[in-house]
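Sequences are here, hints too, so could you generate the full structure?
If you want the building blocks of each chain, they are given just below.
There are 2 protein chains.
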Amino acid sequence: MAVSKVLIGGKWIESAGKETFQALNPATGELLPEQFPVSPWSEIKEAIQAAAVAASAVKQWPGERFARFLEDYAIEIEARADALVEAAHLETAYPVSPRIKDVELPRTSNQLRTAAQAARTGAWKQATIDTASNIRSEFGPLGPIAIFGPNNFPLAFNGMAGGDFAAAVAAGNPVITKGHPAHPATTRILAEAAYMAAEKTQMPPGFVQLLYQMDYKDGEKLVSHPLMGATAFTGSRQGGLALKAAADKAGKPIYLELSSINPIFLLPEVLEEKGESLAEEFTGSCLMGTGQFCTNPGLVVVPATSAGQDFIKSVTEKFKAAPTGTLLAKNVEQNLLDGIRTLKAAGAELLTGGEAVDGDRLTCQNTLLKVSAADFLKNAEALQSEAFGNASLLVVADDVKQMLAIAESLEGNLTGCLYSESTGKDDAAYDQVAPVLRQKVGRLLNDKMPTGVAVVPSMNHGGPYPSTGHPGFTSVGIPASLVRFGMLQCYDNVRPHRLPATLQDKNPTGETSRLIDGEWTVADVSNS
Amino acid sequence: MAVSKVLIGGKWIESAGKETFQALNPATGELLPEQFPVSPWSEIKEAIQAAAVAASAVKQWPGERFARFLEDYAIEIEARADALVEAAHLETAYPVSPRIKDVELPRTSNQLRTAAQAARTGAWKQATIDTASNIRSEFGPLGPIAIFGPNNFPLAFNGMAGGDFAAAVAAGNPVITKGHPAHPATTRILAEAAYMAAEKTQMPPGFVQLLYQMDYKDGEKLVSHPLMGATAFTGSRQGGLALKAAADKAGKPIYLELSSINPIFLLPEVLEEKGESLAEEFTGSCLMGTGQFCTNPGLVVVPATSAGQDFIKSVTEKFKAAPTGTLLAKNVEQNLLDGIRTLKAAGAELLTGGEAVDGDRLTCQNTLLKVSAADFLKNAEALQSEAFGNASLLVVADDVKQMLAIAESLEGNLTGCLYSESTGKDDAAYDQVAPVLRQKVGRLLNDKMPTGVAVVPSMNHGGPYPSTGHPGFTSVGIPASLVRFGMLQCYDNVRPHRLPATLQDKNPTGETSRLIDGEWTVADVSNS
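Going down the list, the protein sequences come from chains A and B. Position 221, counted from 1, in the first sequence is what this note's numbering calls 221; the numbers after and before it change by one each time, with no gaps. Position 485, counted from 1, in the second sequence is what this note's numbering calls 485; the numbers after and before it change by one each time, with no gaps.
Be aware that one or more of the hints could be misleading.
One copy or two, it doesn't matter: identical chains are merged, so the pair holds either way.
Claimed, not checked - With a Cα cut of at most 30 Å, we get these calculated DSSO-like pairs of lysine-lysine:
1. Lys221 / Lys249
2. Lys249 / Lys45
3. Lys249 / Lys440
4. Lys217 / Lys249
5. Lys440 / Lys506
6. Lys378 / Lys448
These are calculated hints, taken from the structure and not from any lab test.
What follows is the structure, given as structure tokens:
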């Protein structure tokens, strides 16, 4: 079988790389037939240069042009729905329904359309006009964006179609996608759709480009290249931090989504009220998608009450009884088993699970571990090791003081949840623990599991280091996610006809929110 | 004379440091009498811990509390106007008028009041509410902020009172100021004013703290300490990059303002129209404050026309005729002389100046250098070396193509200016050069020198690396400058009474702009 082509400079070309790889079907352990290339540096450099040419070509385009591409791309994706669903199912073992076809696919095209709307109105630019000084500013495009997508959302976070892609394009930037090697065929089909949309909407060659794989060192060269604008990376902490070091040294922005264990605090009284329903809710959240969500709850603080004991017993039974899901890839299986071993070595007791299930399928038994708060606090760093997948660590706390100490010991996380009794019996405990947890997480939840990530303007899918690289940015939530790929561009005394449309006196769309003399408005600049 | 005390944990205490330093009067070359300590790590650690306690104490306070402190501080500064002006004059040799008393001092108190207003309304928080999903988010305080102020604005950018200080406090964060060693007495008086304001407005101990000096390595430990929120630094590239490396490695945000040569392009026809007035304007901008502005024009691209020759001749005469200003410090003098030598070694011809003036005063003659565009392009990196002070390099370009090539060769800068003929004769040249320059600078100007930095919402005092560390942030311009010191805090399904006031249904001030269901409004959330 021929090696699949890479998309560079507006053409599908044979890779110059000699090394190739194949994806694996996680449900059977068998290699899938399609061969994909590992791109050499010469090829990556070509892509960078083509992206830089594309960035120059489009940097003064109105948002409408990017909106049209994104909307056409959504249509092209929908036209390839069957092929995409089949490829993603083979490469991830996620169920066709309810997941790939009826959750991820519509989410992907909806995200592209939402981003298109943000590009069209230019709301993300935060256009700011001061009439007395005649100074005007907005976020403008930054330059070529490299996107390293994760393994766990083959469509909705795919580097070629997901949230980062939509945001980078809506902000007016060309994209170089480094596909995830666990689902290259899915990514290829997306790139074919993107290519078709780019042709139809007359985007310049090099506006969207795809490389399937590259050496780590070449990844570092890519993110730190002078012609690049920024990088978005979602994946492992180790890989992300290596790219961060390279980008930081070159002064290039890099937005990372790394590990997160998403702590949950069950305050002392809530289990008395609804312990069994919480056991159900937690099990569902933790095992959904075989636990392979960035916001999977990996740490649960449980009170050392008899209701707490009942909760632990119930969850253990549910974990045992639930079917063992399939994991995404060999390294996911390996990392999960290693993570569990790390937690055990650090003092956690295994309640259930902990081993791969026999057979070719990639698996780990549904796994629960337990540790006392006192022991957790003695070894808090190791006991916060991420065991990405269908596993979670229960920490049994004697009192609120221990819960608070656990919150204080936490690293930065994407999310943190507090469950509390409904009539106020936990309010004093909440008031102690919540303020500490608040500073450690991007999204604070009440009475709700963290695994759903709604695509709404207020969503923050971000958090303090090491869950991401900067606590001020989100990778989900439009228009906020676009700002990552913009630079602040100020125009001081610039002649009116030379201003971008969004900064001219007339509101270019009639619906672009702008901060004029300190007030948000969709009105024109008044010439009185 | 006793060594001045440091301000730590709400008390003026004797430093444990054994090393001391004195500032120098740049006008006489004599040491000023007051002794200031170099703080050891133990003392810096105490300040960090006190700041962390203060951060916990204030993190749920309404903006009103920070506003009151900032406004009271402005009053305390005004009450010490005479002492501040005298100290700043002695330590910087800047004229009392028109500079310290009638420009910097009012700017400083005005900035504090503008930041107070932003804190009060909470406009900077960008509160975002989606009612259908009941998800709400805003920027909230990040934690203790370390501020390293520069030498060139003893009041308006002082780490204890300037733009970064105002922004960090208005965003609800305690501040640890590392004063600039060139003006420690000025900083002490500011800290005394801040201390008094903090007492009067009941800020917790450790909310504002002052250290005069520390070892480089201790600075790196400070910016990367786990309890710190972020750092703001304005100063030399070398010092800033060392701190950046430390902060980046620890995953701590750091906002840098480093070097910038602020290129000016005189397009081919504009000198025909007003060459002599531009010579005047440029000379004024370049020599103002002895050239010690972050946005001082250090590179001017001049057309190789006879009008260009006239411009060069006229500017050279004006530089020779103008009085030689005083430089801020020994190292400023040394760096400027070194910078000029570097430019000469890289091929620039000295037109005038280049040497210190005899006497004890710190000086360098007003200096102009010249190089052809062809030679500039051969050695563009070295010829972009910053010569901070009253010096500038003129680059003579044969045509627009060379001007474009120069723009393409530029590093990131804070500002870039284009002067063009008023009836449109330069428009074609503008359309070629401006888009390239746009991507290289934070603020693009037309027909205006860059040295004025208005404190208005649209101002961007920032730019691509290496002028700053990230192209999306500004250190001037309120409320945008506050966002640097916030973390994005999302509340998902959080019970109403537990939400911060700015995210509750009722608009807490009646004038806080919030993005509710996609529209900016000051209305309450409607419960219909």
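Hints, one by one, checked against the model:
{"no.": "1", "hint": "Lys221 / Lys249", "result": "both (11 Å within a copy, 18 Å between copies)"}
{"no.": "2", "hint": "Lys249 / Lys45", "result": "both (19 Å within a copy, 27 Å between copies)"}
{"no.": "3", "hint": "Lys249 / Lys440", "result": "both (26 Å within a copy, 18 Å between copies)"}
{"no.": "4", "hint": "Lys217 / Lys249", "result": "both (14 Å within a copy, 19 Å between copies)"}
{"no.": "5", "hint": "Lys440 / Lys506", "result": "between (43 Å within a copy, 27 Å between copies)"}
{"no.": "6", "hint": "Lys378 / Lys448", "result": "within (29 Å within a copy, 62 Å between copies)"}
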